[in-house]
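K.L.:
Residue-level listing of the chains:
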Amino acid sequence: MEKLINFLNRFERYLAILFMGLMTILVICDVLSREVFNKGIPWAQKSAVYFMIWGGFIGAIMVANKAQHLRPEIADKLWGEKGKYLFVRIQNLFMFIFCAVFTYVAVQYVSESFVFGDKSVVLQVPLWVLQLVIPYTFASLGIRNIYFFLNPAKQLELKKEYA
Amino acid sequence: MFWGLLFLIIIILILVGQPLFVIMGSIAALSYHFVSEEGVSIVIGDIFYAANKEILLAIPLFVLAGQIMTKGSIAHRLINIAKAITAPIPSGLAISSVLSCAVFAAISGSSPVTLIAVGSILYPALIKAGYDKKLAMGMLSVGGTLGIIVPPSIPMIIFAIMAQVSVVDLFKAGIGPSIILIFLLCIYAFARAPKGSRGKWDTQEFLKSLKEGILSMFMPFVILGGIYSGFFTATESAAIAVLYALIVEFFIHKEMKLKDIPILLEETAGLLGTLFLILILAMSFNKFMTYEEIPQNLVVIMTGLISSKITFILGVNVLLLIVGCIMDIMSAILVLAPILTPMAVYYGMDPVHFGIMMIVNLEIGYITPPIGINLFVASSIFKENLSTVIKSVAPLLFVLIFGLLLISFIPEISLFTVTK
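Protein chains in written order, with the numbering used here: chain Z, 12 to 174; chain G, 318 to 737.
Accuracy of the hints is not assured; some may be wrong.
Here are some, though not all, of the chain G residues that point toward chain Z, as calculated from beta-carbon distances under 10 Å [to be verified]:
1. L381
2. L527
3. L592
Straight-line distance between alpha carbons at most 30 Å, and here's what the computed DSS-like set of lysine-lysine pairs gives [as the list claims (entries may be wrong)]:
4. K700(G) - K171(Z)
5. K451(G) - K77(Z)
6. K171(Z) - K576(G)
7. K512(G) - K451(G)
8. K171(Z) - K512(G)
If you're looking for bench data, these hints aren't it; they were derived computationally from the structure.
Here a beta-carbon is modelled for each residue, glycine too, at the ideal position from N, C-alpha and C.
Model the full structure from these sequences, guided by the hints.
P.N.:
Take a look at the structure:
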């Protein structure tokens, strides 16, 4: 499990850097082209938006890796020092259920896009390719929840490290 | 019946420590499933549609520009300029801390980062110059909060998306309130000036600091100038900000190397990721609320309870100040902006003015217990216990609330820069 998590962390880190980099380059090129040559790059902004969507979803997984997602913490103290591992386990169990449901529904949604052959209007790229990041994100988050459910101390350690 | 059940589910999710995106996603999914009788799959469609907006590009680009600019020694450069300018004024160093915080926060876009960067340099300097410890701590902790009202501001972009108002108008409207708040804080510092806090004007020192720091200080003006003149949209100005930051840090300050870029991009993805899921799931729930006419129904209920605009403004200010104490700013905007903005419009407020008022309210939340993040950061970097930090911030809280009342009841402070 540890190996899988480490592999996913590295893979997703490279993806996030790639998507954020491409997004930035495309928007800058588009703006410069418009200001200098009076003609923008028609597909640049839309492509940048899709890179941002991918980067944003992958970024959400990276935040989960560091246990840094925004959440109301008002009830945390109720669990006390003794209940902290139980709390992390229950927390991850609930998150896993949420992610499993959303992964299942997202797979169905993307499958429908594939069957109907929907395409992006500007780029003419099949929409299912662009939407694939949604089930991937929830599935990847779900894997993290299983990992932290089994290793609650690890999540607490990460939370402290990145706080 | 359904709403009671939904409320109970939210309480349970909070009790078991769920992240906001899970709470928001569960609310959206359950609402669509039980009220609209639509499948949960509509939420997936909604979030893809919600994310597919060009204005969202401005968020990671402004974050990236801030990350690049704050990589080097920008805090030193800005502080030196502010110190040189304010030297001949009584309490000049305290005033320079407010000015440094305001400009640094506008560039970095982060309140805690501002407090760490500027506070760690200026706090020892203020103490050494004979300033009261509490005044020094208070000025720096409060100064850091200015970042979200000085444009460009990520909370303003989030508000614009959730309340469907123009980002450019919000950025323009932020100028007046920023000046008012900076002015009030400077007046406070001036009034509490210790003896001998007035220095001498040194033209050479001023020119030297200006030469070293002018390019860092110039970034907010490039962005605002572009937006204000109608030359750039918010997204375009964010792209220009990144380009400007890269040129300044790579070729002029030479404080950045190629190997730093992947780390900055990774950090940007992480910061975007913190917001992204919550934002798009909140937008899905927002769409559900609009279909079900929930904000309109709430307006009807509210009009039965509140009869005047003044009562509404006071009531909303109290509500938002309480919310700011217990919720972080992004979550508060995502949850409350779509509900409160239609009410504000009903009571005759301009939605842009309301957005500014909301952001100033939530800005105060950075320095109010129990979750005011600047209090914890200040306690850590100034090595003081939390209660001392809270006491040091308390008088400045009244200054900010006075500023908030001015901004709330004089719409022209926000709207004089916005042409309709």
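K.L.:
Hint by hint, where does the structure go against what was stated? Just the numbers, ascending.
P.N.:
2, 5 and 8
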